[in-house]
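Full structure from sequences and hints, please.
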Amino acid sequence: MGLLSRLSKAQKRVIFGRFVLNWMPALSYVMVAVSFVWLLALPHQSYSKTTYVSENALLPGSANVQFNWDDNLAAEAYRDVVSKIAALPSFERAEALQLEFSKIGLRSATQNYTLNTSTDSRRGVNTYAVFYAPRSDGTEALVLSAPWTSRTLDTNTNAIAMLLTLGKVFKRGSHFSKDVIFVVSDGDAEGLQAWLRAYHGNEENTERRSEETLHVRSGAIQAALNLDFPGTGDYNALGVFFEGVNGQLPNLDMINTISQISEGIAPVELTLHDELVPYTENMTKNYINSLKKMLYMMKYQAAGTPTGNHGLYLKYKIDAITLHGIDRPDWPSQRYNLFRLGALVESAVRSLNNLLEHLHQSFFFYLLSGVKKYTSIGLYMPPVIILGVSFIFQALSLWGLSSDLPLELEAIDEGRKVAVALPYSRRSRNYKVPATVIGMSFVAGWASFLLLTTGFGFPGETPLLKLVASTGVCSMLIPPAVYTARIRSQILKSRKGKSKKTDSSSNETDLTPAADWILLKTFILALSALIVTTLSALNFSLAVTIGVVIVFPYMAFRPSSYSIISGVQALALMAISPPGLLTAGAWWYSKDISLVLNWVLEGYEVLGSWLLPMLCCIYWPLNLAAIVMVLLPVS
Amino acid sequence: MAQFALTSRSEAIVFGLALALRLALFHLPALSNILADRVEISTPITGFKRRLFYPIISYPLLIKLLYILGDLAIGYMLLQITAIKDSESTKERKIHQYGNKIEEPGMNGLTVATLYLFNPFTIASCIGKSTILYSNVAVVSGIWMGMKRNKSLAMFSIALATYLSLYPAMLFIPVLLMLAREASDDNQKKTPGTFSAAFMGPSVSDLTPNLGLFWYFFIEMFDQFRPFFLVVFQIHVFIFAVPISIKLRKYPLFVSFLMCAIMGTFKGYPSVGDASLYLGLLPLSSEIFKYLRYTFLIINLFLYSSLLAPIFWYLWVYVGSGNANFFYAIGLVYGIGEIILMIDTTYAVSRRDFEALVPPDASDDKKSTGWDREVIQM
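Protein chains in written order, with the working numbering: chain A, 584 to 1218; chain B, 260 to 637.
No wet-lab data here; the hints were simulated from the structure.
Every value quoted in this text rests on a predicted model; they were computed, and no experiment measured them.
One thing to keep in mind: the hints can contain errors.
[Said to hold, decoys possible] List of simulated lysine to aspartate or glutamate pairs, DMTMM-like, C-alpha gap at most 25 angstroms:
1) A:Lys595 / B:Glu614
2) A:Lys1015 / B:Asp345
3) A:Lys1015 / B:Glu363
4) A:Lys1079 / B:Glu362
5) B:Lys506 / B:Glu614
6) A:Lys595 / B:Asp603
7) A:Lys1015 / B:Glu270
8) A:Lys900 / B:Asp296
9) A:Lys1079 / B:Glu363
Laid out in structure tokens, this is it:
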């Protein structure tokens, strides 16, 4: 009995070892397939639920709206005023707007700011005004903001006119329990950023950036609406933009509130972003539309650059969205003008005014495939985890290959052949090459990041030139690493040949460490899994994008004895390296490479987005190590 | 002689690199400040900003040098401990392995020191100016002196470590084992009289979140249960000391590693500085490494928890989309990693002990080979 059970235990281990070696790689591909199918299934209507307002205090659309026909006329008058002011230079423009705010009776002021990036210097003037709620102690506030320039690059005339009108409307009412701050920001995003920095006042001015202290203040900002209504005309639909810096999202109740109001008190066609999708009963078309919507959201989230000024509030724990007026004359929906817009925004502010505490009831982690269709974290996280686990499984089987799997020793001595599971690993792993390659490629990645973000101040210095230089730095790493490793393995081989001649011990082959590429690939796969899964907690879409891009090359590629195959693999890996991706992105949007690069750099320097550090310091090193890996000798 | 020159030169390179790296990192004041504010690095007890150094705080350079020297001293002591261990292991009976081979020697001292000096946890803890470093110096010097059989200095170091963070009192036992090894004279009778303890840690009154298991539990607790659970939690740390020391008395170095790991896992305010101590002591028993079964899992658990802890902290404290459960969950994952490390290394030591006791090729019988052979009474 003892013999049988013991043998079966050893055999069990052997079977397990064989399973790990032979089936785990196959299993990992199956898991990748499962994860992809799951990701694609997410926008399907049976997986996404209908949104609902979770915070009961909000009561969207239940307050009587004060905005009346007279206010509409006032808004139209303000529209003309704003159009006139908008033509002035920054400072005069801000002063003139401040005057308009103070005419209403709001305390208002302007704020100067300067921001120097490695490429240029930006100055501007913000205007802001505070409506002090008659029944509050001034500890809480809401923000209504509008940039001077809309995302369509027109002047944001209607939105600013709306701010002025709403100031007038609010002044009449006594039902506000939170102050309302109106901010009209200059520049791209840096204007509002400067205002928010000064409002929260925890950073000192440096040589890089300076912002004037705010003279008019209120309490802690609870929520914010950013208005983006370009031009002076009417609109077909209302777009909601919500993705913030580094893929941060506002509480879903912000979007729910707007969607409820747009169905009731101020009927408007609501959509995500600026894509209008026709209604259809066709299941397939419906699915395709949802998928498109979700991919748009994932694109914006992965980029880490906010789709509007609302994204800047999120950094300060303020939930915010941008409302964007979409003017599409050929679209069949009913058009709306300032009258309805006023009712909508006022109703939204009144609703947020009801809040008793910070928005926290609804989701912070969600994917939207429609204004009223969400997928919660419980449903979208598993595919990324499965993707990560598939990396881990591959790594695990290689890890076993590099050591003592299968756990059997066929022949210990001659004449005795039995499956024996050893209590220890027979051969030690050699970490020298893989550890050096990984270490060096991380150093190269960080060096390229420093190179890209430092201004050296020599003439003719452009980001593109720096990118070329850092690509040079990174690619300089590859040939020495590959050749050193090749020479090393040659020496080891010749040494092994010599020792074989001298003593004919049969175990000698077992004791030579596994080929360098096996351990290096183990490291790359394990680190990829680590990055994809941990990043998914911060920015799900970026994690998915990176995972999808790297999963097949990193899992399938390995050195080949045919140098052509290795070369092709290396070229494919270079195509998914950051410079390769940059070129591909520039080609896809048919833009100049330096424009795309500037956009990435600006995201890092102005908004503090992590896309550039992430790509340079984490993604690129792994890519470099993978290139070295496919060029290493096979055995 | 040439060999000696070579090793001393590579030692100089390793220690010089460690020094240069630390100086360079200290040169970035932003990094030092960020690390000093991380809850994973400075706890209420070990935070640089919270206490200590008032007299010399006006000389920042001096403080930095003190930290760097502490780290280098630990590296040097690990080097010496390995040397003593190696010189003794040549006398030991060799373990025969399958195929009648003699066990390969373990890591050399320089590797052990390098693994300590370039461990990211060590570097982060040093740059973050966590005062746990001084307790670590005292612990390692206690072990060194124990290996050198220097009774009074060994006991003084352990007493100092105990004064600095109480828990190292446990190390009294393994150090005593070291002092008493292969000598049956009257060593054991001399117990030290210089114990003094800092009773700051045990009450766990500051519930600032950290990587440990206490804070979350005690936040939730009703006040009337507090003393009871405090006692239970603290006894739990110490309860392993005696059984471990009895079972593994032949391996005092490993016992001290295990005790440091237990402290680093179950104490009230653990930080990565504790991890750097026991991860530094682990390579001293490098001959057990090939018996380890969960290396991949353990490395991954440490990697994931050290990356996810700051991320979940960020989601909880800065973004507000997460909550305390996020961070505590990662504390638990880290704890699981540490516990699996302890279980696996203990298994490896026992297994190696068994291999030494019952050489595999002692008989021709199939029953006595392989992983699942039975213990044969001799």
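Review point. Are the Cα positions of Lys1015 of chain A and Glu270 of chain B separated by 25 angstroms at most?
Key: holds, 18 angstroms
Point to revise | Satisfaction of hint between Asp345 of chain B and Lys1015 of chain A, Cα-Cα up to 25 angstroms | key: The given pair, whose Cα atoms are some 24 angstroms apart, holds under the 25 angstroms limit.
Exercise for review: Quickly compare the C-alpha distance for Lys900 of chain A and Asp296 of chain B to 25 angstroms and report which way the hint goes.
Suggested key: Answer holds: Lys900 of chain A to Asp296 of chain B is near 21 angstroms, not above 25 angstroms.
Review point. Lys1015 of chain A and Glu363 of chain B: Cα distance at most 25 angstroms?
Key: holds, 19 angstroms
**Study point:** Pair hint Lys1079 of chain A and Glu363 of chain B, alpha-carbon separation not exceeding 25 angstroms
**Key:** holds, 18 angstroms
Exercise for review: Verify the proposed pairing of Lys506 of chain B with Glu614 of chain B, using a straight-line Cα cut of 25 angstroms.
Suggested key: Roughly 16 angstroms separates the two Cα atoms, so the pair holds.
Point to revise | Agreement of Lys595 of chain A and Asp603 of chain B with the hint, judged by alpha carbon distance not exceeding 25 angstroms | key: holds, 21 angstroms
Review point. Is Lys595 of chain A within 25 angstroms of Glu614 of chain B, Cα to Cα?
Key: holds, 22 angstroms
Review point. Does Lys1079 of chain A pair with Glu362 of chain B here, judged by a C-alpha cut-off of 25 angstroms?
Key: holds, 20 angstroms
The structure fails none of the hints (numbered hints given earlier).
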